[in-house]
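Enquirer: The primary structure of each chain is shown beneath.
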Amino acid sequence: EAEVAQSPRYKITEKSQAVAFWCDPISGHATLYWYRQILGQGPELLVQFQDESVVDDSQLPKDRFSAERLKGVDSTLKIQPAELGDSAMYLCASRLGPGSSYEQYFGPGTRLTVT
Amino acid sequence: SQQGEEDPQALSIQEGENATMNCSYKTSINNLQWYRQNSGRGLVHLILIRSNEREKHSGRLRVTLDTSKKSSSLLITASRAADTASYFCATAPNNNNDMRFGAGTRLTVKP
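In order, the protein sequences belong to chains F and S. As numbered in the working numbering, residues 9 to 123 make up the first sequence, in order. As numbered in the working numbering, residues 1232 to 1342 make up the second sequence, in order.
Be aware that a few hints might be false.
[Stated by the list, open to error] Heads up, incomplete: computed chain S residues facing chain F, CB under 7 angstroms, no partners named:
(1) T1258
(2) H1276
(3) A1316
(4) F1319
(5) A1323
(6) P1324
(7) D1329
(8) F1332
Simulated from the structure, these hints should not be mistaken for laboratory data. Just so you know, even glycine gets a beta-carbon here, dropped at the ideal spot from N, CA and C.
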């Protein structure tokens, strides 16, 4: 069964350092999402891509976060510089696209710890 | 910002009992979905109910939707220890396809 891949699974970094996460969605899924999930809370949308275009990044802290999906397939989320408050699980999800099922498929996530 | 709110925040039951979780939301929706998350893992889609539906079943899951009260419930019947997880409702507002998740209900099923 096709799955969303994410790497790394765990990342420990010091504050002020740069960190990057990678996501490979299910093949053929045009819509890709990055979420941040703080322990004990639900996922919060950071950015949504439709193919290579950003559809919604209204909740992305653009002073330190950036996301790209250059060829409309895999995606990278970067934080620079990392802050203590960025410690969270970062989840990637994908979906076929507009007009298709609303169901999103999630990857296993990247657990980020900023020290 | 989060749209849905689950209730209760935590629920502990014995294996074989039924578990009921509730979700309230604020704006008009296109559909509502329930997801499960095992500890430290990604979310898994359970069931979707559209705004024009009132009840939906999938195996041991039963979901209801009351759009007049802006609320939904998820019932898990004959619970198993493997059902131990966090359960989230997610709503898709009418004006876009983005989903907003609640804070979740942490379910513990004791063997």
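Enquirer: A separate judgement is required for each hint: does it hold in the structure or not?
Expert: Evaluated hints:
| no. | hint | verdict |
| --- | --- | --- |
| 1 | T1258 | 15 angstroms, violated |
| 2 | H1276 | 5 angstroms, holds |
| 3 | A1316 | 13 angstroms, violated |
| 4 | F1319 | 5 angstroms, holds |
| 5 | A1323 | 6 angstroms, holds |
| 6 | P1324 | 12 angstroms, violated |
| 7 | D1329 | 6 angstroms, holds |
| 8 | F1332 | 3 angstroms, holds |
In this structure, the hints that do not hold are numbers 1, 3 and 6, in rising order.
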